[in-house]
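Model the full structure from these sequences, guided by the hints.
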Amino acid sequence: MDALFRSHAALVYVFLYVPIALVVLFSFTAGERSGELRGLSLRWYGTTLGDQFVIRALGNSLVVAFSTSIIATTFGTIAALALSRAPRAIRTVLDGLTYIAIIIPGIVIGIATLLFFVNIFGWINPWIAYLWSSLGLGGRPLTLGQGLHTVVAAHVVFTMAIVIVLVRTRLAGMDRSLVEASGDLYATPWRTFRQVTLPQLAPAILAGALLAFTFSFDDFVIASFVSGPGQPTLPMYVFASIRRGITPEINAIATLILLVTLTILFIVQLIYRRQARQAETLRAAAERVEANLEDLAAAGGAAVAA
Amino acid sequence: MTPPGLAAARTSPAGQTASRWRMRLATALMLAPMSAWYFFLLVVPLGILLVFSVGERAPEGGYQAGFTLDNYVNLSTRATAFGNTLWMAAAGTILCILVGYPLAYYLATRAGDKKTVLLILVIVPFWTSFLIRTYAWLTILGNTGIPAFLEAVGFGKTVLLNTPFAVLLGIVYNYLPLMVFPLFVSLERLDKRLLEASKDLGAGRWATFRQVTLPLTLPGLLSGAILVFIPIMGEYLIPALLGGGKVFFVGNALFDMYLQSRNWPFGSAAAIGLILVVLVAVGFYLWFGSRGRVERQVSLL
Amino acid sequence: MDRTEFLKHDRAFQRGHISRRAFLQVTGLGTAAAVIAACAPSTTTSPAPSEAPSTGPSTGAASEAPSASAGIDPLADWTPPQGVTLGDTLELTTWPNYHDPKTLDRFTQLTGVKINVTVFGSNEEMLAKLQAGGTGWDVLVPTNYTFETYGKLKLLEPLDLTKIPRFDASRYEARFLMPAHYPAGSPDLYGINKDWGTTGYVINTKHVTKPMTSWKDFWDLARADYSGKVTIHDYQLTAIGNALKYYGYSFNSVDPKELADAEKLLLDVKPHLFAITSDYQPAMRNQDAWIAMAWTGDAVQLNRDISEITYVIGKEGGEIWSDFFAVVANAPHREAAYAFLDYMATPKISAKDAEFHGYPVVDSAAIELLPDSMKSNPIVYPPADQLAPLEFGAAVTLTDPNRAELWARVKSA
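Taken in sequence, the protein lines are chains L, E and B.
Quick note: the first sequence, position 182, residue 181 per numbering that gives the first Met the number 0, numbers continuous.
Quick note: the second sequence, position 215, residue 214 per numbering that gives the first Met the number 0, numbers continuous.
Quick note: the third sequence, position 141, residue 140 per numbering that gives the first Met the number 0, numbers continuous.
Keep in mind the hints are simulated off the structure, nothing from the lab.
All values derive from a computational prediction rather than experimental measurement.
Possibly wrong hints are sitting among the right ones.
As the list claims (entries may be wrong) - List of simulated lysine-lysine pairs, DSS-like, C-alpha gap at most 25 Å:
| # | chain 1 | residue 1 | chain 2 | residue 2 |
| --- | --- | --- | --- | --- |
| 1 | B | Lys-209 | E | Lys-156 |
| 2 | B | Lys-347 | B | Lys-374 |
| 3 | E | Lys-156 | B | Lys-269 |
| 4 | B | Lys-314 | B | Lys-215 |
| 5 | B | Lys-215 | E | Lys-245 |
| 6 | E | Lys-245 | B | Lys-101 |
| 7 | B | Lys-314 | B | Lys-209 |
| 8 | B | Lys-215 | B | Lys-205 |
| 9 | B | Lys-347 | B | Lys-162 |
| 10 | B | Lys-101 | B | Lys-162 |
| 11 | B | Lys-314 | B | Lys-205 |
| 12 | E | Lys-156 | B | Lys-263 |
| 13 | B | Lys-101 | B | Lys-113 |
| 14 | B | Lys-351 | B | Lys-314 |
| 15 | E | Lys-191 | E | Lys-114 |
| 16 | E | Lys-245 | B | Lys-263 |
Structure below.
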């Protein structure tokens, strides 16, 4: 039985890693075709890094993913902190929207936000043009259109929802005694938040930021609906290259993306460990303080009783 | 968050009201960005989608105002796409369970101290690019990949790429980690003493699994199933790359309705249809989950 | 006339203040444009032209357009327009495998304008994206049958031909250029030809041994001998059009009965197809597919790399088309867009570009410059009898809702 489970697990790992390994392997081919290894070389890495379209798409994707991650994490965390204090009715509505944002398929978000942008820009641009001319500003009036900013706006919808869920879960499971102890020690609320709450929330916030970054960086469907002209994100570029003729360049891009994600994962893992250690130390310290307080109280009680 | 409240508790009643108002204001301000975002980029867009779905296709394509339910009635012409998506999503979910459950069981109960490393190894592919994970199969399933191998071994000519099989494979490959993770958590939480008790009571392995392990890990299984099922329902990329335009999901139909036939009202109706299917699935999950919980509580009594 | 005076005239001429003929009269240089080249090193480095371009445009309407083109030697190499700020970027929206990257790079070198290329799979997709708030687009590469729609929706701007001095309608065969007039027959020209081509199919003769000459062969063998090895376009216009040819109907038919026949055929063939895709080059190259519905240039590119792959034009007919460079209405980089159109209208440039993409060019001066191997290549310039039965796509073929819906039904079946 044991052997059966073990071989099943082994097979699953083969299944999971062989395709990726092949992509990496084929990226080192010296030949012209992607699905084979004909001599070893780094030429396709040279081609990739020298390809201005790849670099531009990568740049676009990084801008989008960083902006999405920062906005989603900031607003999401702030909202999660406030949600537990919000009136019940408001909280129910916002919680409902959070879940809707998560479960609605990306393609629907893409279409719906596209329709929104088309309508809102179509409505607002004539007004800008009107104001522009009536204010006597020269040249072409400013026109709002789709671009990387619209991609970010659409990505934030569901990544923010993910951050909110993560942070709220963490808040619910948080050790309240620390906050109370901090209050008992006359720390200002801000200081309590910064020194007690935030460190405890950090893993959830970090996880949220990372997930937001990954989902945004990886998204093809939403971006292909709402991105602007001539501003493909990396997945859009990769998708087009896959469809339009497979050169080993695509393998090199894939390997580079793998390398970057794995590095980020590794760094995050390190931060996580350090955070966990810090949280542990903090908790231990707080417990010591609490024990002291209790001793003090006990001593005081004893004194009163005496 | 209680710190402001704690601070307020130490002040006079008048100060208390003032600080309560201050707190409300702070709460409102903190919720403002999120609410605005949800309103403008979720509620309003979905509203527009709803309005468009009862409109008409403009002569040159796109949308023109109107009120008709024809688009919803015509959804029946896309029944194949909806049916196809549903059965592929169901099949994909079941395959993920069949592959994922034994793995999660192995990891949770028998992997020993390699457990964490092995679990991380399941998750790592999930953090890499979805597109590239799918692309990886193109070469393997293509003419020069497995079919060439099968032919050399003597199986004759086979076509794997652009078949439902290829799409299902891509689905399992991409979504397996989402299934394994919740299963692992619930299996790890499983009280091993229950298994021993079952064994002591003379139950066989299968009976123990069916009567103890499976019911107790059902929540994990359900979470995994919904985590996998929902994204498959909205899938576009896997059928686009591994299905060659022949294996068709609602997602692909939506792309076509917006970017090819430019029938936005019809596309909007289909999008609403997709949302409804997903909501029904989630509703079923919640209902099933709560019913299961009640039953477990009863059986524990 | 002394040298300073000449230079003054030359500069005026370069700025487009005076017509070419006036310039030549004043300077008395006749047709010796080579001298101009020698006197104004910044203008050109090419050898003297063998013939002066005729000034009588063949498409009646275009002749009215004030041709400031007069004056610039079309056969010379291209130089950026003087006294115009071009900006630093240009958004080019086009088809896959359609431009030599070197051609685009050269434009950037000469002007400092970087070209951002966005690639689409079909005119429908391009139109959809443009309708969906495609602000920020500059140059488009639409096909002949789209101008009526683009014109109606006011998505393109009527070309200011004074900004495209190297374009001369007389060098363009009327049937290819004509569709860019909107409304039909009006003097307003919305695009200038990039190239033209046909829609046929490629076959890999290593595997395909049966003779194939018609659309009947294509659809019949796709269901029999070559089942699982055939791809068709993911594009209603060509997929339905060529299915209609199976029955001998018009490529452009919107007749419900004829469309119903085509739908039946497509549904019948669908299970036998390897894929429905407009990106068939990868499948043909690694031999996943042996037969693919294809456009001229893809056939040329495939044939160039794999000689067993040849091109068939269905003998019942099918599609002949021409593509254009057009400027999007309210283009943010309008000057750069016109400079690019002028650049691509330079015979030397477009001929060189054609060697890469393999589509036949329309510009007679550019055809002259093509290498003989290309001029005599029957895939590029098929014999007249093969072209005779072909039809140009009609505007309604693109926009007919029944065709669009039929195709969507076939795909989702």
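Hint by hint, here is what the structure shows:
1. B:Lys-209 / E:Lys-156: holds (20 Å)
2. B:Lys-347 / B:Lys-374: holds (15 Å)
3. E:Lys-156 / B:Lys-269: holds (19 Å)
4. B:Lys-314 / B:Lys-215: holds (9 Å)
5. B:Lys-215 / E:Lys-245: Given that 25 Å is the threshold and the Cα spacing comes to 22 Å, the pair holds.
6. E:Lys-245 / B:Lys-101: violated (36 Å)
7. B:Lys-314 / B:Lys-209: holds (16 Å)
8. B:Lys-215 / B:Lys-205: Answer holds: B:Lys-215 to B:Lys-205 is near 21 Å, not above 25 Å.
9. B:Lys-347 / B:Lys-162: holds (19 Å)
10. B:Lys-101 / B:Lys-162: Status holds; Cα separation ~24 Å.
11. B:Lys-314 / B:Lys-205: At roughly 22 Å apart (the allowed maximum being 25 Å), B:Lys-205 and B:Lys-314 satisfy the hint.
12. E:Lys-156 / B:Lys-263: Outside the cut-off at roughly 28 Å; violated.
13. B:Lys-101 / B:Lys-113: holds (13 Å)
14. B:Lys-351 / B:Lys-314: Violated, at roughly 31 Å.
15. E:Lys-191 / E:Lys-114: OK: E:Lys-191 and E:Lys-114 at ~17 Å, within 25 Å.
16. E:Lys-245 / B:Lys-263: holds (16 Å)
In terms of the numbered hints stated before, the structure departs from hints 6, 12, 14, listed from lowest to highest.
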